[in-house]
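Using the hints, position chains F and B against chain U.
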Amino acid sequence: MSLDTVKHASETPDSEQPWKELGLKEDEYARIREILGRRPTGAELAMYSVMWSEHCSYKSSKVHLKQFGEKVPENDAMLVGIGENAGVVDVGQGYAVTFKVESHNHPSYIEPYQGAATGVGGIVRDILAMGARPVAVVDPLRFGAADHPDTKRVLPGVVAGIGGYGNCLGLPNIGGEVVFDSCYQGNPLVNAGCIGVMKHEDIHLAKASGPGNKVILYGARTGGDGIGGVSVLASETFDDTKPTKRPAVQVGDPFQEKLLIECTLEIFKEKLVAGIQDLGGAGLSCATSELASAGSGGMRVDLEKVHLRDATLSPEEILMSESQERMCAIVEPEHVDRFLEICEKWDVIAVVIGEVTDGERLEIFWHGEQIVDVPPRSVAHEGPTYHRPFARPEWQDALQADDAGKLPRPQDGAELKDQVLKLVSSPNQASKSWITDQYDRFVQGNTVLAQPEDAGMVRIDEETNLGVAMATDGNGRYAKLDPYTGAQLALAEAYRNVAASGAKPLAISDCLNFGSPEDPAVMWQFAEATRGLADGCLQLGTPVTGGNVSLYNQTGETAIHPTPVVAVLGVIDDVNRRTPIAFAEEGQLLYLLGDTREEFGGSAWSEVIHQHLGGMPPAVDLDREKLLGEILISASRDGMIDAAHDLSDGGLVQAVVESCLRGGNGARLVVPEGLDAFTFLFSESAGRAVVAVPRSEELRFTDMCGARGLPATRIGVVDGDAVDVQGEFTLSLAELREAHEATIPALLA
Amino acid sequence: MTARIGVVTFPGTLDDRDALRAARLAGAEPVSLWHRDKDLKQVDAVVLAGGFSYGDYLRAGAISRFSPVMESIIEQAKAGMPVLGICNGFQILTEAHLLPGAMLRNNHLHFICRDQKLRVENAETAWTSDYVQGQEIEVPLKNMDGRYVADERTLDELEAEGRVAFRYLDMNPNGSLRDIAGITNAAGNVVGLMPHPEHAVEPLVGTGKTDGLGFFTSILKKLVNA
Amino acid sequence: MARVVVDVMLKPEILDPQGQAVQRALPRLGFAGIADVRQGKRFELEVEGPVDDAALARIHEMAETFLANTVIEDFIVKVES
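Keeping their order, the protein sequence lines are chains U, F and B. Taking the working numbering, the leading residue of the first sequence gets 1, the next gets one more, and so forth. Taking the working numbering, the leading residue of the second sequence gets 1, the next gets one more, and so forth. Taking the working numbering, the leading residue of the third sequence gets 1, the next gets one more, and so forth.
In short, the hints are calculated from the structure, not lab data. Keep in mind that a hint or two might mislead.
[Said to hold, decoys possible] Taking CB as the label site, the calculated pair distances span: (1) B:Val47 <-> F:Gly80: 49 to 59 Å; (2) F:Lys41 <-> U:Asp337: 19 to 29 Å; (3) U:Ala145 <-> F:Lys78: 54 to 64 Å; (4) F:Arg36 <-> U:Gly639: 46 to 56 Å; (5) U:Gly359 <-> F:His108: 58 to 68 Å; (6) U:Ile110 <-> F:Arg24: 42 to 52 Å; (7) U:Gly639 <-> F:Gly80: 49 to 59 Å; (8) U:Lys269 <-> F:Gln42: 23 to 33 Å; (9) F:Asp156 <-> B:Val5: 33 to 43 Å.
[Unchecked claim] Using 27 Å as the maximum straight-line C-alpha spacing, the simulated BS3-like pairs for lysine-lysine come out as follows: (10) U:Lys152 <-> U:Lys66; (11) U:Lys345 <-> F:Lys38; (12) F:Lys38 <-> U:Lys269; (13) B:Lys41 <-> U:Lys152; (14) B:Lys11 <-> U:Lys305.
[Unchecked claim] Partner residues are not named here, just some residues of chain U that face chain B (Cβ under 8 Å, in silico): (15) Ile110; (16) Glu111; (17) Gly223; (18) Gly224; (19) Pro247; (20) Val249; (21) Phe255; (22) Gln256; (23) Asp302; (24) Val306; (25) Arg309; (26) Asp310; (27) Asp719.
In this text, all values refer to a predicted model and were calculated from it rather than measured experimentally. All residues carry an ideal CB built from backbone N, CA and C; glycine is no exception.
Bound-form chain U, shown alone:
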């Protein structure tokens, strides 16, 4: 058995290496040789190949992502920006909040339960690594057509995986989305977000500084998980012993993760770490090179000290292993004993695997023989950058010309009624409680709002009632019609949802799900969406704190709809002032805020009634969104409204039905002057919300809207046990409830 040491590599410059099998391009391999001044060892090759992959290096996307760092709005809430494990924002009273959304799309298609479970685990560790206690999770999910047989395989597995892992960690699941569209067949999008809370002084960064400080690996033992391609290397190096089979699927252990969280928080509390990083994609390769690169640069690791689950692993494989539930900490020597003691208390395995050096190299040894000697920046932060060609696809014009406004509309009240029932019972608009009831929304005892509310909200201080809210939104149909506008609509909707709950939007995270970057049309969608998002964030004053890009979501030549998912984080000074969606009091007046236009491109109505996707998405006016947000927040703070629901897919009628069912009260609606009933009910114009105003507050509320220049139209009253649109139709709540709630269980249970 021969070990490919640094010495050996220097002596055998012409050895053939499987760089191609590891996904490297010829020029990339040449660059590695240039950086090192020799051929890389097997271990080095493995590290570079995985760290320079699309997933870790963002090589196709980073030329576009850099806009998020350039178009930064004035926002003094930002404490830690892009580049760390997750961004951190100031929410006042000495608290800071960190949050992020990530994708786990492909693994969730292969093995839905474990793919989704490990997705939750990964994002939670990202948040933990910032020094924060994770306080809530959200899950934006997208699947193929609701009635497709494979959806029945993927969706229940994903939902059970998210529940099985998240519930076991004790994190309330407070929001997200579930969307069906045949474009996600074979490419489900499983995005997971997490929010964490800490005091300002507790922010931890992923850096290794201070020569002599120890590198501690703790958590689960290392197995052969997720090392797929690297086995090529193992078989080359270990010519006489074939490696044992490596698992195709990573299994999450939420119990281990729960112990890791409690153990890490206790370690933070005693201020025992100088730097910390979670182990995610690319495992130890990523953690050691990033920690060293962000710190003073030098680190020495003795790889044989790593606790293994599978004793046959080669050093290359140990470096690449993506075994879950592991963290890497940099600890000053005098704190090591106490660190290990706390790990022992929580039954967490911990071992010192190396130390920070005063050199500038990352050096890794295997039983005393050096197998890695690299400048860590070259691995972690100086990967390749691609300027991929992008071009507006030829079909875009025809798609936009196929105006949804020309589709046949309902002709009378009976037809309207029929279409309303079809809308609220369609899989995308139907109640998702069958899914969300499989998640624990109560644990930790701080949940103020959870699905199906507009935004999830948790209290973070029991004394002052300070709280944070989060909403995630995305609409692939809009983005397909116009990626720039579609990305801004996703941002606007999440922003509006947070404001509707009474919280002030502060910052965003995004998860950008697209097809193959090698297709210029997809690359154009990506470029347009990122430009739209960056411009939108600048205008709304909500910086991008970080996020994730998922590419290659496509089957053959067919890409998914471009699907930027945006998570907006907001703060509320007193959660007592939150605004729910429920119409809870009869007699309250319903006001429609904003302007309603004939906008049906990409709408739920066009999908449900006509299976149509074409035309232009609704127009975006971000200044209007800002104004609407300010009004909703002021009205909540001053007690002028008792309920608010944002208007988005499905339009006004969808929002009213949801608020009525939630509150157990009906509504009588009158079509306002200047609008026809159809446009009133189904239009998806942006920048709108419906609010319930107590009669005693009506004057004060309308005065405020008038003074600020926000159109507020009285459209009816909360009343009875039916939704009644005067002169058009009446639908009883019982009938609506049956239509709205039966669909998902019928398809999936």
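Same frame as chain U, but now just chains F and B:
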């Protein structure tokens, strides 16, 4: 004069902070207990909180039941100390044979989280004296293994002795036999239930109701007046 | 009626958190000397008619497509008396 209510943290316990908060809101002095310590720190009563101790691996509650702290709790409970087991705590109590029966996977095989209506069937236990018999309350329910089972004879015995403490109303969320949501031992000091009263103690969070606070005020009154 | 047993186990290379938790608990309960524990599922099938090659092939197919998730699990089919 108040009472000390201990809440045990096992590896994987989730609702310990909530139970401590509920005890505090009721006016008691909350005390954290650790699974490895036999020392109960002179508490007057113990809550075994919800969660997934040891990941629910093997069987829910099966590994926790053998922890050092449980040795003391089993001994004290037999001597009359009040013990409340919520969800995973209830599972631990049945595994420890302090309460009869066992909990199996929900009949629909899914985790379920909902606002659940219950009827208080026995308002004379240490943990339910602030309710009236027949009172309907609403508290969150959230579990994977919540289907209460026992043999017919045990069930008949529980019914005859008034030891069914809570029953599910409107719908049986997990297939529990005879709609049983919670039971008590014969002495009335050990009570276990699947739903979570500690999540219904503040008007603002959780379900928005405070129907669960009665568990904690009941025990406090009993201990203080004792 | 003949009984056919299908044992389903996680593949050896796949992490088994349940087995690990049980293994770690054993020493505390005084059961020493157990190096590893893996937990699996056992299915007992009461077969109508003869358990011939055709029947076994059907059971094999059933195990492969339904009883086991062959992405992460192996299975063994055994005929009992």
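Hints, one by one, checked against the model:
Take Val47 (chain B) and Gly80 (chain F): their Cβ atoms lie about 54 Å apart, and the range 49 to 59 Å holds. Distance hint check for Lys41 (chain F) and Asp337 (chain U): the Cβ-Cβ separation is about 27 Å, which falls inside the suggested range of 19 to 29 Å. The beta-carbon spacing between Ala145 (chain U) and Lys78 (chain F), approximately 59 Å, falls within the hinted interval of 54 to 64 Å. Distance hint check for Arg36 (chain F) and Gly639 (chain U): the Cβ-Cβ separation is about 50 Å, which falls inside the suggested range of 46 to 56 Å.
The hint said 58 to 68 Å for the Cβ distance between Gly359 (chain U) and His108 (chain F), and at roughly 59 Å that hint holds. Under the hint 42 to 52 Å, the C-beta atoms of Ile110 (chain U) and Arg24 (chain F), about 46 Å apart, fit the expected range. Against the hinted window of 49 to 59 Å, the Cβ-Cβ separation of Gly639 (chain U) and Gly80 (chain F) comes to about 50 Å, which satisfies the hint. Range check, Lys269 (chain U) to Gln42 (chain F): Cβ separation about 26 Å, and the 23 to 33 Å hint holds.
Range check, Asp156 (chain F) to Val5 (chain B): about 36 Å between beta-carbon atoms, so the 33 to 43 Å window is met. Restraint check for Lys152 (chain U) and Lys66 (chain U): not satisfied, since their Cα atoms lie roughly 39 Å apart, outside the 27 Å limit. Between Lys345 (chain U) and Lys38 (chain F) the alpha-carbon distance is near 15 Å, which keeps this suggested pair within the 27 Å criterion. As the CA atoms of Lys38 (chain F) and Lys269 (chain U) are separated by approximately 25 Å, the hinted pair is consistent with the 27 Å bound.
A hinted pair counts as satisfied when its Cα atoms are at most 27 Å apart, and Lys41 (chain B) with Lys152 (chain U) qualifies at roughly 24 Å. Of the pairs offered as hints, the one joining Lys11 (chain B) and Lys305 (chain U) holds, with about 26 Å between alpha carbons and a cut-off of 27 Å not exceeded. The criterion of a C-beta within 8 Å of any C-beta in chain B is met by Ile110 (chain U), whose closest approach is roughly 7 Å, and the hint holds. Of the supplied interface hints, the one on Glu111 (chain U) holds, with its beta-carbon coming within about 5 Å of a beta-carbon of chain B, less than 8 Å.
Hint on Gly223 (chain U) holds. Least Cβ distance to chain B is approximately 6 Å, under the 8 Å limit. With its C-beta approaching chain B no nearer than about 6 Å, Gly224 (chain U) sits inside the 8 Å limit, and its interface hint holds. Against a cut-off of 8 Å between C-beta atoms, the interface hint on Pro247 (chain U) holds, since the closest Cβ of chain B lies about 4 Å away. With its C-beta approaching chain B no nearer than about 5 Å, Val249 (chain U) sits inside the 8 Å limit, and its interface hint holds.
Of the supplied interface hints, the one on Phe255 (chain U) holds, with its beta-carbon coming within about 6 Å of a beta-carbon of chain B, less than 8 Å. Hint on Gln256 (chain U) holds. Least Cβ distance to chain B is approximately 7 Å, under the 8 Å limit. Checking Asp302 (chain U) against chain B by beta carbon gives a least distance of about 24 Å; that is not within 8 Å, so the hint is violated. Contact between Val306 (chain U) and chain B, as hinted, is not supported at the beta carbon level, the nearest pair being about 16 Å apart and thus beyond 8 Å.
The beta carbon of Arg309 (chain U) comes within 7 Å of a beta carbon in chain B, closer than 8 Å, and the hint placing it at the interface holds. Taking 8 Å as the C-beta cut-off, the interface hint given for Asp310 (chain U) holds, the closest approach to chain B being about 7 Å. At a threshold of 8 Å, the smallest CB-CB gap from Asp719 (chain U) to chain B is about 52 Å, leaving the interface hint violated.
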